[in-house]
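Novice: Sequence:
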Amino acid sequence: MEFNREIGKFFINGESFVPPTLPVLLQILSGAHDAQDLLPTKSIFTLPPNKVVEISLPGAGLDTGGPHPFHLHGHPFYVVRSSDSNTFNYLDPVKRDTVSSGFADGDTVIRFVTDNAGPWFLHCHIDWHLEMGLAVVFAEDIPGILAQNQSIPGNSTSFA
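Note that my numbering has the sequence shown beginning at 1, numbered continuously upward.
FYI, nobody ran anything at the bench for these hints, they're computed from the structure. Here the structure is a predicted model, which means the values were calculated and not measured. It is possible that part of the hints are untrue.
What follows is a list of derived Cβ distance ranges for each label pair [stated by the list, open to error]:
hint: 1; residue 1: Asn116; residue 2: Ile7; range: 40 to 46 angstroms
hint: 2; residue 1: Val52; residue 2: Ser30; range: 25 to 31 angstroms
hint: 3; residue 1: Glu54; residue 2: Asp84; range: 15 to 21 angstroms
hint: 4; residue 1: Thr87; residue 2: Gly31; range: 41 to 47 angstroms
hint: 5; residue 1: Asp63; residue 2: His125; range: 35 to 41 angstroms
All residues carry an ideal CB built from backbone N, CA and C; glycine is no exception.
Work out the full structure: start from the sequences and follow the hints.
Specialist: The following block contains the structure:
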């Protein structure tokens, strides 16, 4: 995760999130089934069904607006490591839907099981950080999304 002061944008894995003109769910239902076919490019990650996903959220200093409260739609997750700790807790971690990334000297690590097909948004809960690109989308179990949503209502782009 990086912040570019000159252009006022956050980057995750080298990419700043820009909201798509058509929601990711409708893109999937319209035939886009691979991450490279979904918009915004490089901000969407496909996840297979029924797997454990572990994500490391790097801490951030006050100079980059940190710490960031990250929120994941579609799943509660387990906090297996807090940024102020060097210890991983896989035995009885706390369950949350929002967690602080912590300060620059540590990472927060979260885990969840991909058991809920859908496009799920992971973003900073500070609104202007979201507007500045601090987000990604997980397209989880695309075949499961298609199986659950056999047809798109008429003129589906009218509510996009």
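Novice: Are the hints correct? Go through all of them and say.
Specialist: Structure-based check of each hint:
no.	hint	result
1	Asn116 with Ile7: 40 to 46 angstroms	violated, 35 angstroms
2	Val52 with Ser30: 25 to 31 angstroms	holds, 30 angstroms
3	Glu54 with Asp84: 15 to 21 angstroms	holds, 19 angstroms
4	Thr87 with Gly31: 41 to 47 angstroms	holds, 46 angstroms
5	Asp63 with His125: 35 to 41 angstroms	violated, 19 angstroms
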